[in-house]
Amino acid sequence: MRPAARFRGPLVALTALALFAGCRAGIAGSEADRQSDLRPHRPGGRLSDRIPNAELRTHDGKLVRFYDDLVRDRTVLVNFMYATCTGVCPGSTRNLISVHEKLGDRVGDDILMLSLTIDGERVDSPEALKKYADRYGGPKDGWIYLTGDAEQIDRIRRSLGVYDLDPEVDADKTQHSGLLTFGNDRTNRWAALPALMPSDQLVEAVLRVAGDRQQRKPPDG
Amino acid sequence: MPINRRNFLRAGLVAGAGGVIAPGAAALADRDGDSDQGNTEHTPSSVYDARRDAFQQPLFKPDPLQQRPFGTLDPAPGNYPGDRVGWKGGPAHADRDPSKVNHGIAQEFEHPCADWNKINPGRSHEVEYSVAIEEATQNIVPRVESRVFVYRDLYSTSGASQGFSPGPTILADYRVPSVVRMENRLTKENVTLDHDVETSIHYHGGHVPAHADGYPSFYALAGEARDYYYPNIVPRKDGKGGCGSPFDENWIPSTQWYHDHGMDITGFNVSQGLAGFYLMKDELEQRLIDENKLPEVYGPYDIPLVLQDQKFNADGTIAYDFLDHNGRIGDVFTINGRAQPFATVERRKYRLRLLNGSNARVYGLRFSNRMPFLTIGHDDWLLSNGVICDQLQMVSGQRFDIIVDFSDAPDEVYLENVMVQEDGRKPKGIDPSRERTPLLKFVVQGPKLNPADDLQIDAQTILRPYEPIRPDEIVQTRVFRFNRSNGAWTVNGKLFNPRRADAVPELGTCERWILQNNSGGWWHPVHMHLEGFQLEKLDGAVPRDELGPRSDTVELKDGGEAEIFIKFRTFSGPFVFHCHTIEHEDMRMMATHDPRPEGEPSPLDGETRIDPVVSGVVEDCIELEEEGRILFDVVGNVDRLDGRGVGFPECEYNIDRRGNRGRSSNPDD
Chain A
1 MRPAARFRGP LVALTALALF AGCRAGIAGS EADRQSDLRP HRPGGRLSDR
51 IPNAELRTHD GKLVRFYDDL VRDRTVLVNF MYATCTGVCP GSTRNLISVH
101 EKLGDRVGDD ILMLSLTIDG ERVDSPEALK KYADRYGGPK DGWIYLTGDA
151 EQIDRIRRSL GVYDLDPEVD ADKTQHSGLL TFGNDRTNRW AALPALMPSD
201 QLVEAVLRVA GDRQQRKPPD G
Chain B
222 MPINRRNFLR AGLVAGAGGV IAPGAAALAD RDGDSDQGNT EHTPSSVYDA
272 RRDAFQQPLF KPDPLQQRPF GTLDPAPGNY PGDRVGWKGG PAHADRDPSK
322 VNHGIAQEFE HPCADWNKIN PGRSHEVEYS VAIEEATQNI VPRVESRVFV
372 YRDLYSTSGA SQGFSPGPTI LADYRVPSVV RMENRLTKEN VTLDHDVETS
422 IHYHGGHVPA HADGYPSFYA LAGEARDYYY PNIVPRKDGK GGCGSPFDEN
472 WIPSTQWYHD HGMDITGFNV SQGLAGFYLM KDELEQRLID ENKLPEVYGP
522 YDIPLVLQDQ KFNADGTIAY DFLDHNGRIG DVFTINGRAQ PFATVERRKY
572 RLRLLNGSNA RVYGLRFSNR MPFLTIGHDD WLLSNGVICD QLQMVSGQRF
622 DIIVDFSDAP DEVYLENVMV QEDGRKPKGI DPSRERTPLL KFVVQGPKLN
672 PADDLQIDAQ TILRPYEPIR PDEIVQTRVF RFNRSNGAWT VNGKLFNPRR
722 ADAVPELGTC ERWILQNNSG GWWHPVHMHL EGFQLEKLDG AVPRDELGPR
772 SDTVELKDGG EAEIFIKFRT FSGPFVFHCH TIEHEDMRMM ATHDPRPEGE
822 PSPLDGETRI DPVVSGVVED CIELEEEGRI LFDVVGNVDR LDGRGVGFPE
872 CEYNIDRRGN RGRSSNPDD
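If you read the sequences in order, they're chains A and B. Per the numbering used here, the first sequence runs over residues 1 to 221. Per the numbering used here, the second sequence runs over residues 222 to 890.
No lab work stands behind these hints, which were simulated from the structure alone. Just so you know, these numbers come straight off a predicted model, no measurement behind them. Glycine included, every Cβ here is placed at the ideal spot set by N, Cα and C. One or more of the hints may lead you astray.
[Unchecked claim] No farther apart than 25 Å at their CA atoms in a straight line, the calculated lysine-lysine pairs in the PhoX-like style are these:
1. A:Lys130 - A:Lys62
2. B:Lys458 - B:Lys339
3. B:Lys758 - B:Lys458
4. B:Lys647 - A:Lys173
5. A:Lys173 - B:Lys715
6. A:Lys62 - A:Lys140
[Claimed, not checked] Some chain A residues judged to face chain B by a derived CB distance under 8 Å, without partners named:
7. Thr84
8. Val88
9. Arg122
10. Trp190
11. Ala192
12. Leu193
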């Protein structure tokens, strides 16, 4: 597993500056170094550029691409769980049911709720996720449980900022079910809040990010 | 052509992209590939090259915010067209016309104490300001135009075509009350973003009505305005909130600031530039100036410096990662909105007002020639007398006023940061061998000023005397533990709820608060709204001298503890207290205190909306009776409620709903 995300940014610049104060020659970080650091950005950089487009399986067994089929052009609410989770998951899931109810018919339209299992498909099959959903009143419109390669799901988790800088804490899967991350791929606005917050306030915050209901293009065919 | 987003978009349109921002092919390849991504690491800011760009731009000193006399604002504060709520100053119909003021004004505006205003006793305010919050471009890095959000002075006479960041400096006089009209023009039509940007303006260090304090959900929404009433007073010694008794002059402030505090979006808004200085002066400070102990406020020898760290995308836009919850650490150091600028100074003493306006960075500051300096103020207040220092540690939100003597300085002196910090968790300590970044270059010129003509100030000079809060004044002790649980921040095990008061001190009393950081390896600078505090103990010891007797923000190191004595006076809440690492604050590492007169319960029972007379946010009632479900019709359409937009408080406060109805809406309780 990758080490917890370290911030590499300032080191190049700081080395250069540190030397600058002492002596003016011999600056670290060549032009070539900097060029190789360039990554393609759309104007302003889009957060969703870094979200892996991993192939995942829904609780119905359908194969989907995480970005292309789920995130693109929508507002998504993402949380991480696992079917055998007994700590924070049951409370989160119940709270999200309340969020789902309050968001009304926008869920399934321009808003999707996505629950990804950290355990991945070797532990949590689509059937296991379906069973988990059944324990909470069955699958709901616009709320998709997802499983797949655990490493891919781990990358998705990190891309959404759901990780702990302390590798020990990060390796503890019980630590990642406390957040609800949500974002609007159209507007590039994202946020995350504790999944156990009062559902009224989660819904308020989600709607601030979701904005007006967006007309989605009719599905092909 | 300058690199900025507009031009990128223009280029895209020319190329036939048709306004739809489609992901670039390279980005898609990246997403599908095995490259090292899928994390929140930031690419180094390639637009900035310190060899080429450092010390090329002069230090920027914002213009003072221009004031106009009483009676200039139109419509007048508190008198709005379309008042249909039935109380004066009530909010008008929301619409997209920023000339309409929709958020009322503090109830105290209608009922000021006669002695708040020393010029015209009884008049609620004396001066008026008018500010537009909007987008502009600015050369933070030379030759690169970056989008910034600015507070633009609508009364400016400078002829500037756009605003700047940091915002105009508010120069306030003690007991000359003011109204600042803030028009939020950051509608998606007016910004190079695809969404509206809501704001709430916090006057950091101010002693102001709750309505004007910048509670996170007391919005100035995009396309709307809000009148902020700043009485520019201090609490009274008896603290009960009545009129006429003596003011507690211990707490007259000096170096303050204003910045965004909008719910969940503060980190973004501040990173984009929404911050400015607010300097207050009273008779005592004027006397120190007249005696040539301090320079003229905001004159050539009084220089405010806001220290920030920035990150840039490759296109020159300011990078902000909404999902970097650890705390934003930048790789380009700016002072007053310019990357590593230079300042030409004379060989004499200067007053430098240092403000850590960074989202998460802790600075260790010193001068490159290691010259000592005199620290004369901490946070809002001048110290009782100065402290000689050669290094300062400064957490987010904190301020230090220093007197620096360039008389015998070399021709070039740098203000340096020597604190190593790699992520938002905490700094790794002062280590000049690993971290020594010059933040500001002083070019020292001219002959040495005759010492007799220079500022007559040293460590013995009495500045602002302080009468300590005595332990026997304390009526209550409370403990607040700042913690982390499953990736979320908690205070005393609870998640933030803007409808719940976590402390209801009795108005006019003094309390001892123990602030503990049990979050495991993180630092949290904790900031109190409404009043400053006496930092009694820091980590069990007497605090460092330069932290002075008065603070409004205190560093809580990992495992750290602060004991503070604090009074709660003049205004009922709600007010927040919170971690000033802004990404932690945006993840709601906050709690609410709501001082109330003896025997009066707080209406913040965990469920009920905040009184609209206080918050001014409410313009209509869409309340569902069933089960207290508020705001949202679950079977209907939740797109737009009464044209106001979605996700914002929109329910009439009902006094009958005070008191707990026996159902907690917070599953964490």
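Status of each hint after checking the structure:
1. A:Lys130 - A:Lys62: holds (12 Å)
2. B:Lys458 - B:Lys339: Answer holds: lysine 458 of chain B to lysine 339 of chain B is near 18 Å, not above 25 Å.
3. B:Lys758 - B:Lys458: holds (23 Å)
4. B:Lys647 - A:Lys173: holds (24 Å)
5. A:Lys173 - B:Lys715: Holds, at roughly 22 Å.
6. A:Lys62 - A:Lys140: Holds - the C-alpha atoms of lysine 140 of chain A and lysine 62 of chain A are around 16 Å apart, at most 25 Å.
7. Thr84: violated (16 Å)
8. Val88: Given a least distance of 5 Å, the restraint on valine 88 of chain A holds.
9. Arg122: violated (20 Å)
10. Trp190: This hint holds: tryptophan 190 of chain A lies near chain B, its Cβ roughly 4 Å from the closest one there, short of 8 Å.
11. Ala192: holds (6 Å)
12. Leu193: holds (6 Å)
Violated hints for the displayed structure, listed by number in ascending order: 7, 9.
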